[in-house]
Structures are given as C-alpha cells and as structure tokens.
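Whole structure, please, built from the sequences with the hints as guidance.
Heads up: the protein sequence lines correspond to chains A and B, in order. Letter 220 of the first sequence, counting from 1, is numbered 220 in this note's numbering, and no numbers are missing. With the second sequence counted from 1, adding 1000 to any position gets you this note's numbering.
Certain hints may be false.
Straight-line distance between alpha carbons at most 25 Å, and here's what the computed SDA-like set of lysine to any residue pairs gives [said to hold, decoys possible]: (1) 25(A) <-> 1187(B); (2) 21(A) <-> 1108(B); (3) 213(A) <-> 118(A); (4) 21(A) <-> 1205(B); (5) 21(A) <-> 1194(B); (6) 78(A) <-> 97(A); (7) 353(A) <-> 1057(B); (8) 25(A) <-> 1235(B); (9) 439(A) <-> 1185(B); (10) 1029(B) <-> 1218(B); (11) 1052(B) <-> 117(A); (12) 253(A) <-> 176(A); (13) 1052(B) <-> 118(A); (14) 25(A) <-> 1204(B); (15) 369(A) <-> 1239(B); (16) 354(A) <-> 341(A); (17) 439(A) <-> 1090(B); (18) 481(A) <-> 446(A); (19) 21(A) <-> 1187(B).
Since the hints were derived computationally from the structure, they do not count as laboratory data.
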Amino acid sequence: MKLLKILVPSLLVALLWSCNKEVEKSPALPALEPLRLDEIAGSWTPVILSNNYSLQVPLAAPAATTSDAYKAELTTIKNAQAGLTKQQRDVIAYWSVGAVIRWNQIMRELVARYNLPPAPREDGTYVFPDAENPFADPAFPFANPPYAARAYAYVSIAQYDALKAAWYYKYLYNRAAPYMVDASVQSLVPRTSLPAYPSEDAVLSGVTAEMLKILFPASVEQITRLAADQRNAALWSGKAAPSDISAGLALGKSVASVITAPGSRFRTDGMGNAVGNAALWKELQDSVGFGDFYKSAQMPWLSLESPPRPPMLPNFGKVLTWNISPAQLVAERPAPPPSTSSEKMKQELAEVKKYADNATREELRITHKWADGAGTYAPPGHWNHIAEESVVNARFSEVRAARAYALLNMALHNAGVGCWEAKYYYFNPRPSQLDPSIKTKTGLPNFPSYTSGHSTFSASASVVLGYLFPDRAQFFTSEAKEASMSRLYGAIHYRSDIEVGYSHGVLLAAYTVNFAQSDGAGN
Amino acid sequence: MKSFYTAACMLLFFYTHAQTIQDGLMMPKGDLCTGFLFTHDRWTNYWEGTLKRENGNIGTITTNSLTWLGNYGITDKINFIAMLPYVSTRASQGVLSGMQGLQDLTLAVKYNALEKSLGRGTFRGFVVGSYATPVSDYSFDFLPLSIGLGTQRVSGRVTLNYSWPNGWYVNGTTAYTWRSNVTLDRPSYYSDGQNFLTNEVWMPNVMDFSFMAGRIKNGLELILAYHQQNTLGGGDIRRQDMPFVSNRMNFSRVEATGMYYLPMIKNLAVRAQTGYTLAGRNVGQSFYVTAGVLYTFHFSKKL
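Set out below in structure tokens:
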C-alpha cells in the first residue's frame, strides 16, 4: 500500500509532464490571402523559357463555364466536398499556406535527407553516388552545398517560369474559379478572383514533381504523393475544377520537360563533370589548384578525413551561373589568399587557434546555429528557411513568392559556383592542416579553405533578400555577418576566407539584383 | 552500504546510473556516505543504427569523468541521494574538438517500502523517484563529443531484492524515465526521416532494467550485473551521419563491481567497477573502468 501511495502520484506527475512533448514539424502558418494578384505576371521576364508561351508550352482554351462538361465538373467538386474527411481537410489546410512555400520546405527536407557523404569502403576508397542506382549505398545524390544550391535554383526557377506561363494563360482565358461560378461550391481556402484555368496548384505540382524526381530520384514515392495531395486540395477546396487541374498538370510537366530536355542548359551546365576524376585530383594537388598560383611556396590543400576523401566537386566552379557570364565570374574572382608561408598567414592561423582553444559558449552557439553541415538542408537551405517568414508576411501571390525564391536561389547558386571557382583556383589548406593542434567545433568540410562558402552564400542571400524586403535588410545583413564569423569561431576558416568571401558574395549578388530590377515585376 | 558507478559510455554515459539508486541497500538514519569516483570509458566500434562500424574520423572516443556522490539516511527507510559528474571527452583521430564541463545533477529519494523474512532470507522492495537536470549550459548538439544530452529527467524505479544470511543476494530493478524535450542552438534539424523547422527536439522516454547477483562478506562486496536500456522511440543514425540527441540509443552491458572496506581506516571504502557493452544501437561499444573512494559519516551515532 505504501508503495502505491508513492508510485501513483509520481507516475501521474510524470505522465502529465510528458503529455505536451509533441513537436510540430513546422510552425503554424496562415492560409495565403495574397495582397495583390499580379495580373500581369505573364509578361514578366522568364528565366529559362522564351516569353512566347503559346509557342513553347501551348495550352488550349477551356470549355465555357456554361457548358455541360463544366457543370458535370462542378458536381464532382460538390460531391467531394460533401464527404470530406478530417484527413482531407488537413491536406487542404496544409497546402492553403501557399504551395511555393510548402514545396520549398519539402525541397529542404530532401536536401537534408541526401546531404550525407558516401561512407568509405573496407579498402579505404570511396564510391560516388550513381544517378542510375539511387537507392544503393551510397544513395544518390550526395546533396552537398553545391549540389543543393543548384537544385534549389533549378526547382525555384522552373516553378517561377511555369507560374508566369500559368498567369499568362489565366488572364488570356479568364475562366473563374468554381467557387465564383457556382455559389453552392464552398471555398475552403481564402477566396480570390484569380482565374482558375490552368490551376496554379496543378502547374506547381507538375513542374516541381518532375524536377524533384530527377534531382532526388530515390524519394519518388513521397514526391508523387505530395504532388497528388496538392492537386486534390485544389479540387476539394473549391478552387479548381478537374479541367483546370488537368490543364495545369500538363502545363507544369511541359515546362519541366522544356527545362530538362536533352541538350538543355540543365543537361549541359557542367554539373556532370563537377566531381572530376583521380587524374584531376592529383593534378590539383601537384600544381596547387587550377590557378597554379604560388607553385613552390604554397602548400596544397589535403583532405584531413580518414581515409582521405577526394575533394568535393572540384569542377563545380565551372558550372554555368545565372545572370552572370563565365567571363564575368572569372573577372570577379577574389585576389589570392596570403601564402601559406607568409607572416600574414601565421597571424591568421594564430587567431583561429585562439578560437579553437577559447571559444565562448556564445561563440559555440553561433557555430552550431550556422553549422549547416552533413545531414542538414545546407547553407542555401538555411537561407531559404530565413526567407520563409518574410515571404509569408508579405502575402505574395504564388507567382511573386516563386520569384522571391528564384531570385534568392539564383544568387545562392552563383555564390556557390563563384566560391568553388576560387577554392579550386587557390587550393588553400584548412587551419587544421597547417596546425594539427587546431581542433574544430563543427565538422570540417572536405574542400579548400579560401574563400568561405558560408560567407559567400550568406552575403549573396542577404543582399537579394534585402532588395526584396528592404524593411528587414538590416536583419539579413547581421545574420549573414554572424553566419560568416561562425566559421572562424568553429576554427575551420581564417579571417581572410570570411572577409573576402563575404565581399565576393555581395559583388556576385548585384548581378541578380540587376536582373530583378528589370524583369517587369517591380520590386 | 554501496555506492554507484557512472555508466560513462559514449552516447549513453548521459544516464549516470547510480547503483545506490538501483540496489537493494539503505543507509541507516543519520549516516552520510560520500566520495568521488573516477571513470574512464572508451569505445572504437559503434552502431550506426544497427550497423556496427568504426570511423577513422574519430578513432577512439574517450570519456573521463569524476563524479561526486552522496547518500544520506533521512530515516532507516528513506535515503536521499545526490550526484554530480564532471565529464571530459576527446577523439583520438580527426579534427573534432573534445568537450568538458559539469554535466547533470541527479537528486533521488529512495524508500524501502517492503521488508519481510521469507524462507531463510529476507525479501525487500524499494521505490525510487529521481530527478536529473543539466547544471551547465553545455552543448548537446555535438555528439559523440558532447558531454551530455541536455534533457531533464524524472524517473520512477522499482527494485526487488532477496538476500541470504550468508551474504549472498540477488537483485532485479526496472525504471521508466520521462525526458523533457531539448532546444538546439540551430533552427532546423533532420530526424527519423523528417526535416523539422524548429529548434525543439522531442526526446523519447527510456526504460531500463538490471539483474545482479552479489555477496557481502567480511567487508568485501562483489557484484555481477546485466544491464539493459531501451529508448522508446527516436531515429537511427543515418549512413555516415553524426549521432543526434534524440537517437534511439539502446544497449545491453555486463558489469562487475568490487568494493572493500579498508580494515585499517574505519568508514573508508574503495570501489572498482568495470563494464562492457555487448550489443547496442546508436551507441558506442564501450569498455569502462571506475575507481573511487567513499567515506561514511555517522552523524547521529550515539557515542
């Protein structure tokens, strides 16, 4: 009895305490009620498509809302709405936040899932992921920061171009949404007067799923299911009729097939050669990078992993950029780092050592906040995450939200390429290579030190976001500076990697801001 | 009286088990047993999910800890137990920095709820309620080098003990531990197939049980124990990923303990223990040794 007297109350207390432990996967976001419909988005400058949509991605006119066929579609919607389950309502609520935002979150999840380096084999060698065998070990892809930057950019651009084409047809055909046509169709999401043909949800589901299936083929099941959910939500919510959806799906898919066609930019931008080969890795070592800059006085970068791992994507610096020509990219390359044998380098190394030995808890917090290493959505994903709040608060139309992410991710991709170009041009060693007593507070990336990827990515992202959301420009800048410094606090970068990388990122982002200023969308 | 050991093993050394909490013995009223124990724990192999492997980027992970403990007899039937370890970690290979600091304070109340003669010996039952909380702001997001998991725990334990007059005894104990969620320094993390856009991490609860057999005779105590712990949820370490705070950390382990009351110095005992992990999931296959001294004060003893 005594035992019960103690056990029962203590169990009750503990149970109560454990009740509210559930963690939501993402914060609660409001249903999208766009402030503007962006009626003229069909005339904004496309990124990849030509602006002659009716030639490149044709879409036939819809049936009139007075036709029998359309009336039958309305009945389908009403029947579906009459029997909605809790689960179906949850699907509607999930997508009502805005499909551009949802797909951006999903893409970040896919990057985090595949951002893992191949494990070494028994014999100490590494096998590279194989796109033709994506479910193997190692899984395809290894969604490291460069891979992720390019993937975020291509998907965001494809969505943006597809939505501009959708807007073009919406205002060409002007067919209203079912809930506008028939008062007995409920609107289970906030009502707008945006024409429904083709359904923007179906366009997004089609273009995004096709792109993601190429970039993350082993997650085909999840991608396909989510895309279908999105189309169902559009129908159940009274926003789109079946013919709006089938037209949108077809349009989305055809935009994806234009973008990923054989011989397209997507297929020939140099990503296929980014990994390099054993001969290239040796040559980089022997001649201290592509730049052959110091030759005799300079120590080449070495992998500090065990067993040594080939450098990450040495040819990524040759991949095509957005809004910047290859010649411009080379012209913007940062000046050389301090030589490994210089006094300046000794001083910088001593500063890294100081942080390695004496970082404060606050500096450690900053290091871990911005770690964004293996198994995470990577630095470009972190900046997409940061952008989310601003995009939500701005209540952008879907097409304008897609523009924001496209601009951000073009700049992030450019930052990645520009930074990688410098890294492999100079092939500079990490602090722990020059001083093995330097222990790091975060994972040491397996590529050369100069310049810092975090600094370049963050500076570029903060400039573009500051352009899109001037009220928060100061916040973005301070976040970018903190992200940059986190790499010094973590003892994996010298100060010059950070400062030069940051300036480089600012310069590269100006090209994307220039593009944004003249694309017809206003700020 | 007995004391405890720190189960200082990789991902799991965070459950600082007190044998005082698990065993079937009590301090008499007014007595305080206190002392320090040093534990050296190391592992090279670990389980990445269920795959056993080693990793050249960390080599061998060594965890040293110095733990203070105290066990006070409030009455003959109720003991108050406290302990606090200082923990230090390092990796023998690679560039990752070790960490160190004060870890978690554990406070426990142990109640001897049942005691009766049965056959030739005595049957006893105990219940223990304990609470543990980090006492320093250490980072738990740098596994396997973090010094702890940063979670607060409330634990309920039941122990059954049977002892014979010749000093032999057997002991069985089980506990359920509720763990509070933890907050990372980063705004997002991937766990168990999903990317979370929050810094809050759900921490699964933990269940453990042990069986031990021992003998106390002439100031010498020897114990053999089997211990198993299961985390009730949580994801696996992915292929070539780092461990994560909410991983499903399971293990089974054998332990041997010896304790000796020095005949020449009254009230002073020395204690040594060793343990080895037999099987696990998302933990290191650790081997550890513990050594320490414990002193008993008889505050209320009538002189």
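Now for the hints, and whether the structure bears them out:
1. 25(A) <-> 1187(B): holds (12 Å)
2. 21(A) <-> 1108(B): It holds: about 23 Å lies between the C-alpha atoms, which stays within 25 Å.
3. 213(A) <-> 118(A): Roughly 21 Å separates the two Cα atoms, so the pair holds.
4. 21(A) <-> 1205(B): holds (11 Å)
5. 21(A) <-> 1194(B): With a Cα-Cα distance of about 17 Å, the restraint between residue 21(A) and residue 1194(B) holds, given a limit of 25 Å.
6. 78(A) <-> 97(A): The given pair, whose Cα atoms are some 23 Å apart, holds under the 25 Å limit.
7. 353(A) <-> 1057(B): The hint holds at about 20 Å.
8. 25(A) <-> 1235(B): Distance of about 15 Å is within 25 Å: holds.
9. 439(A) <-> 1185(B): Holds. Residue 439(A) to residue 1185(B) sits at ~20 Å (cutoff 25 Å).
10. 1029(B) <-> 1218(B): Between residue 1029(B) and residue 1218(B) the Cα gap is close to 23 Å, so the pair holds against 25 Å.
11. 1052(B) <-> 117(A): At roughly 18 Å apart (the allowed maximum being 25 Å), residue 117(A) and residue 1052(B) satisfy the hint.
12. 253(A) <-> 176(A): holds (23 Å)
13. 1052(B) <-> 118(A): holds (16 Å)
14. 25(A) <-> 1204(B): holds (16 Å)
15. 369(A) <-> 1239(B): holds (23 Å)
16. 354(A) <-> 341(A): holds (20 Å)
17. 439(A) <-> 1090(B): Roughly 10 Å separates the two Cα atoms, so the pair holds.
18. 481(A) <-> 446(A): Distance of about 23 Å is within 25 Å: holds.
19. 21(A) <-> 1187(B): holds (18 Å)
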